[in-house]
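> Chains A and B, in that order, give the protein sequences. Take the first sequence: its letters are residues 1 to 366, numbered as in UniProt numbering. Take the second sequence: its letters are residues 1 to 567, numbered as in UniProt numbering.
Because the hints were derived from the structure by calculation, they are not lab data. Each residue gets a CB set at the ideal place from its N, CA and C atoms; glycine is no exception. Please note that a few of the clues may not be correct.
Just the calculated beta-carbon pair ranges, DEER-fashion [as the list claims (entries may be wrong)]:
(1) B:P462 x A:G47: 55 to 65 Å
(2) A:G114 x B:V548: 40 to 50 Å
(3) A:N76 x B:P462: 14 to 24 Å
(4) A:D120 x B:A46: 53 to 63 Å
(5) B:I73 x A:G47: 24 to 34 Å
(6) A:K174 x B:A46: 35 to 45 Å
(7) B:P462 x A:Y316: 44 to 54 Å
Residues on chain B that point at chain A, a partial pick, calculated with CB under 8 Å [said to hold, decoys possible]:
(8) P257
(9) M457
(10) P461
(11) T463
(12) A467
Chain by chain, the residues run as shown.
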Amino acid sequence: MADTTSNDAFVEFDRVQKSYDGENLVVKDLNLSMPKGEFLTMLGPSGSGKTTCLMMLAGFETATHGDIRLDGKSINDIPPHKRGIGMVFQNYALFPHMTVAENLSFPLEVRKIGKSDREDKIKTALDRVQMGSFAGRRPAQLSGGQQQRIALARALVFEPELVLMDEPLGALDKQLRETLQFEITNLAHELGITVVYVTHDQTEALTMSDRVAVFDDGRIQQLAPPDKLYEEPENSFVAQFIGENNTLEGVVKEIKGGYAVVELDGGALIDAKPINVSKAGERTRVSIRPERVEYNKERLSPDAHTLKAEVLEFIYMGDIFRTRLRVAGKDDFVIKTRNAPDQVRLKPGQQIDIGWLPDDCRALDA
Amino acid sequence: MSDVTDATTANQAPTPDDAARLADSKKAGPVLAADGTPLKRSLNRALRRQKLRALMLVAPLLIFVLLTFIAPIADMLFRSVENQIVSETLPRTTDLLGDWDADAGALPEAPVYKALYEDIFIAQERKEHTRLGSRLNYELTGVSSLFRKSGRKVEDMGEVYQDQFEDLDEFWEKGENWNQMMGSDDWLADHAAWNEDSGDRQPRFELRDDIAELLPETAAKYEIFANFVQVEDEDNLYTEDPWAVVYSALYDDLTGPNAAQIANYSGFGADKLQAAAAAVSEFETVDFAAAFEDIDKDWSSMDVWQTIQMYSPKYTSGYFLNAVDMQKTPDGPALRDENERIYGTLFMRTMFMSLMITGSCILLGYPVGWILANLPARTANLLMILVLLPFWTSLLVRTSAWKVMLQQQGVINDTLVWLGVVADDSRLALINNQTGTIIAMTHILLPFMILPLYSVMQTIPPTYLRAAKSLGATNWTAFWRVYFPQSVPGIGAGSILVFILSIGYYITPEIVGGTTGTFISNRIAYHISSSLNWGLAAALGTILLAVVLGLYWAYDKIVGIDNVKLG
Chain A
1 MADTTSNDAF
11 VEFDRVQKSY
21 DGENLVVKDL
31 NLSMPKGEFL
41 TMLGPSGSGK
51 TTCLMMLAGF
61 ETATHGDIRL
71 DGKSINDIPP
81 HKRGIGMVFQ
91 NYALFPHMTV
101 AENLSFPLEV
111 RKIGKSDRED
121 KIKTALDRVQ
131 MGSFAGRRPA
141 QLSGGQQQRI
151 ALARALVFEP
161 ELVLMDEPLG
171 ALDKQLRETL
181 QFEITNLAHE
191 LGITVVYVTH
201 DQTEALTMSD
211 RVAVFDDGRI
221 QQLAPPDKLY
231 EEPENSFVAQ
241 FIGENNTLEG
251 VVKEIKGGYA
261 VVELDGGALI
271 DAKPINVSKA
281 GERTRVSIRP
291 ERVEYNKERL
301 SPDAHTLKAE
311 VLEFIYMGDI
321 FRTRLRVAGK
331 DDFVIKTRNA
341 PDQVRLKPGQ
351 QIDIGWLPDD
361 CRALDA
Chain B
1 MSDVTDATTA
11 NQAPTPDDAA
21 RLADSKKAGP
31 VLAADGTPLK
41 RSLNRALRRQ
51 KLRALMLVAP
61 LLIFVLLTFI
71 APIADMLFRS
81 VENQIVSETL
91 PRTTDLLGDW
101 DADAGALPEA
111 PVYKALYEDI
121 FIAQERKEHT
131 RLGSRLNYEL
141 TGVSSLFRKS
151 GRKVEDMGEV
161 YQDQFEDLDE
171 FWEKGENWNQ
181 MMGSDDWLAD
191 HAAWNEDSGD
201 RQPRFELRDD
211 IAELLPETAA
221 KYEIFANFVQ
231 VEDEDNLYTE
241 DPWAVVYSAL
251 YDDLTGPNAA
261 QIANYSGFGA
271 DKLQAAAAAV
281 SEFETVDFAA
291 AFEDIDKDWS
301 SMDVWQTIQM
311 YSPKYTSGYF
321 LNAVDMQKTP
331 DGPALRDENE
341 RIYGTLFMRT
351 MFMSLMITGS
361 CILLGYPVGW
371 ILANLPARTA
381 NLLMILVLLP
391 FWTSLLVRTS
401 AWKVMLQQQG
411 VINDTLVWLG
421 VVADDSRLAL
431 INNQTGTIIA
441 MTHILLPFMI
451 LPLYSVMQTI
461 PPTYLRAAKS
471 LGATNWTAFW
481 RVYFPQSVPG
491 IGAGSILVFI
501 LSIGYYITPE
511 IVGGTTGTFI
521 SNRIAYHISS
531 SLNWGLAAAL
541 GTILLAVVLG
551 LYWAYDKIVG
561 IDNVKLG
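Starting from the given sequences, assemble the full structure and let the hints guide the process.
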């Protein structure tokens with residue numbers, strides 16, 4: 001959030017608050033700034049305020065407090081139809097009484113663009129989403145994926161610089177979703193448009209975005225590129241919400257040489273990177289990704305702390321093995337190992353020692 | 001069938017089951033079920049029970065609708081062309097009139113008047129001549145009183161013959177003698193055995209065969225007479241003397257072509273018959289044409305005879321012509337005089353006012369439907385109760401309330417005068433005219449517009465409007481180009497409901513419509529209950545039904561009935 005005041009900001013939320021009932025804030029003090037051409041995803045559980053933010057940006061909701069700026073100008077008082085922001089809805093919102101071509105023609109007609117220009121633009125837009133031969137169809141004659149492509153083409157046909165997408169792939173099946181994720185990101189980068197994308201699907205957020213804003217409780221919990229978000233979560237909510245995560249609770253014993261020694265509730269000691277802890281005696285949650293856990297002693301550094309673990313369950317998943325362990329009294333500790341020829345397949349009941357590099361282990365807020 | 005099986009099984013690894021099925025379906029002929037019966041038949045058998053049960057469940061309603069709705073409507077529609085009363089009441093006259101050519105300019109010949117005498121005589125005994133008079137009066141004014149007058153006087157007309165026969169011999173005075181002469185032996189025996197006080201049914205009169213051949217006219221009239229006495233009056237035939245018309249028929253028979261054979265007759269009263277046959281040549285005769293002219297000179301008017309001739313057929317287009325301001329003339333259908341045309345204007349007015357009412361309902365109902373559809377469910381339900389509130393009040397009460405509101409000294413005029421909008425001496429005429437009907441009926445029919453509008457609007461998601469606005473449309477464009485087209489099915493459903501209801505509306509126009517604000521239905525009601533011209537009422541109703549069906553068809557062609565949604 002260091003770049004909130006940068007000068008090249010295209011979209012800017014400045015201390016924005018929103019309340020529907022005058023008692024509870026749905027969005028609490030939102031500060032966000034996006035450069036032009038960025039693909040930013042708002043990710044969060046339902047009710048976290050992400051859709052409200054999107055609607056405020058589109059102009060369908062007004063901010064209770066604060067300023068929303070687009071290209072340097074405040075848009076608080078500009079009605080939605082004058083903002084020139086493209087929008088894709090979850091249920092597509094294609095006009096059922098118009099053909100595909102008429103749907104695409106609509107934003108051009110209201111902008112009073114000439115007929116031949118309109119036809120060119122519609123053709124380009126449809127070709128861009130590989131739907132060129134569907135111009136004469138009605139939305140009801142198209143499949144969900146096709147409808148979403150048309151909705152995308154319609155949001156892009158009038159060449160907006162900013163496009164908002166509200167869970168556009170939520171209603172599609174997994175395979176189609178993955179194809180379209182890829183197509184949408186490609187298109188966005190090709191056209192150089194700025195995209196604000198709302199979703200509750202973290203895989204979608206990670207694969208598509210330049211940056212992800214994780215929302216919870218009306219605040220941005222972390223705003224970072226996907227890799228940073230996954231590998232360096234700043235608090236336990238983000239660590240839990242993004243990807244699979246193992247959590248061990250304990251108290252900071254001491255901080256030395258850039259690492260914290262944490263005494264787990266079971267009594268064992270482990271090393272972790274201090275993120276949200278600063279002094280001994282603080283309670284903490286230690287977070288470690290399943291794929292960073294090692295039980296092959298040869299791969300561990302000799303001075304690393306190890307923990308005793310008992311194998312509870314071994315699941316063969318094809319490309320990986322997923323093993324559930326009992327560690328420090330908790331039996332939901334999961335490790336993932338690659339299916340390599342030399343990999344040991346653990347058996348339930350087996351006692352093993354597990355360990356990790358201290359850099360992969362993060363001591364977060366309790 | 002077999003192709004499908006092949007295609008589906010071809011893609012899968014064959015199982016023994018599949019192979020068996022494959023072999024089955026490859027055989028020529030119909031697909032068989034497991035027990036060897038054709039699959040189609042066993043499917044039908046399986047479905048028959050279900051169908052029967054479904055039919056039994058709807059049967060009570062089906063029968064109820066058939067008996068109380070379809071049948072009366074069909075009967076009413078039939079009345080619009082039915083015209084049996086003329087040929088049933090005047091069978092002989094209409095029969096003879098068939099050959100009469102009105103264009104020749106001459107009145108019908110004597111036999112027609114003779115037949116008319118017989119017909120009217122019998123009709124007045126049965127008291128049917130006044131009904132026929134009222135029926136023909138719809139077509140030609142004055143016929144009703146003509147028939148009533150003729151009915152009164154026709155009794156005396158043929159008495160000349162009765163008197164002469166009775167003067168000739170007392171034999172002809174006695175009903176008993178007539179019975180002996182005309183009745184069959186079986187009947188006579190039965191009648192003799194019958195005890196009048198026993199309460200048993202009187203044996204029905206049977207005609208003797210040979211007398212029917214010898215005296216055909218007399219026998220026919222006597223049979224009618226006997227039947228009438230026994231069935232209608234329930235009197236003992238032995239104590240009744242024949243009608244005068246029987247004597248005139250006897251005169252006809254005795255002077256007719258069979259007269260020569262009377263000499264060979266040997267049955268009961270043969271001598272009296274032969275004596276009478278010898279005497280009839282001396283009898284004074286009656287000129288029926290002149291006699292009818294005596295009763296009323298209208299009987300020598302071509303119009304009366306033409307009307308009777310034109311309405312002789314069992315079915316007539318007369319009611320329908322009448323309903324479209326035309327009439328039957330000898331030269332075919334022709335428009336009525338300008339001042340006699342009323343139904344065309346009434347139909348046009350009904351259409352126009354129904355359209356006005358439908359239009360006002362759309363204008364007033366659309367915003368209400370919109371508000372209801374866009375409010376939170378709780379508030380919408382509360383407002384919906386207000387919309388439905390009029391349904392809980394009597395139609396008459398609501399209409400009468402409008403009378404109070406709209407009259408010249410009424411609430412609305414008073415308010416307008418108080419506000420200074422209109423001067424006290426130029427109060428608006430809001431009732432007993434078209435304005436009154438339109439205002440009151442718009443109010444009464446409004447819920448029928450709001451309900452379908454509301455239920456259609458409820459199904460239009462608000463995201464469409466948001467999408468339109470995000471694409472750059474102003475509020476109005478978004479509404480007009482995106483929301484409105486999707487609400488058209490609701491407008492269609494509401495309009496059809498309101499228009500069809502208003503086109504047949506009766507009570508409200510009757511109360512607040514005055515003379516200029518009434519509908520065709522008011523005229524239909526008048527013909528049903530006051531003028532009793534049911535045929536014309538039925539014809540008007542049939543036309544109204546045809547117009548409604550026609551409009552429905554046109555609506556289907558233009559808008560498409562699939563576009564009508566009630567929810």
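> It remains to establish, for every hint, whether it holds in the given structure.
Comparing the hints with the structure gives:
Roughly 20 Å separates the CB atoms of P462 of chain B and G47 of chain A, a value that falls outside the hinted 55 to 65 Å. G114 of chain A and V548 of chain B have their C-beta atoms about 47 Å apart, which keeps the hinted 40 to 50 Å range intact. Under the hint 14 to 24 Å, the C-beta atoms of N76 of chain A and P462 of chain B, about 22 Å apart, fit the expected range. One distance hint, 53 to 63 Å for the beta-carbon pair D120 of chain A and A46 of chain B, holds here, with the actual separation near 60 Å.
For the hinted restraint 24 to 34 Å between I73 of chain B and G47 of chain A, the CB-CB distance of approximately 60 Å leaves it violated. Between K174 of chain A and A46 of chain B the beta carbons are some 41 Å apart, a value that agrees with the proposed interval 35 to 45 Å. Remark: the range hint 44 to 54 Å for P462 of chain B to Y316 of chain A is upheld by a beta-carbon distance near 48 Å. Of the supplied interface hints, the one on P257 of chain B is violated, with its beta-carbon coming no nearer than about 84 Å to a beta-carbon of chain A, more than 8 Å.
For M457 of chain B, the interface hint is violated, since its Cβ never comes within 8 Å of a Cβ in chain A; the closest pair sits about 14 Å apart. Taken as an interface hint, P461 of chain B checks out: its beta carbon lies about 7 Å from the nearest beta carbon of chain A, inside 8 Å. Interface hint at T463 of chain B: satisfied, since its Cβ lies 4 Å from the closest Cβ of chain A, which is below the 8 Å cut-off. The restraint placing A467 of chain B at the interface with chain A holds, with a minimum CB-CB distance near 4 Å, inside the 8 Å limit.
In the structure shown, a violation is registered for the earlier hints numbered 1, 5, 8 and 9, in ascending order.
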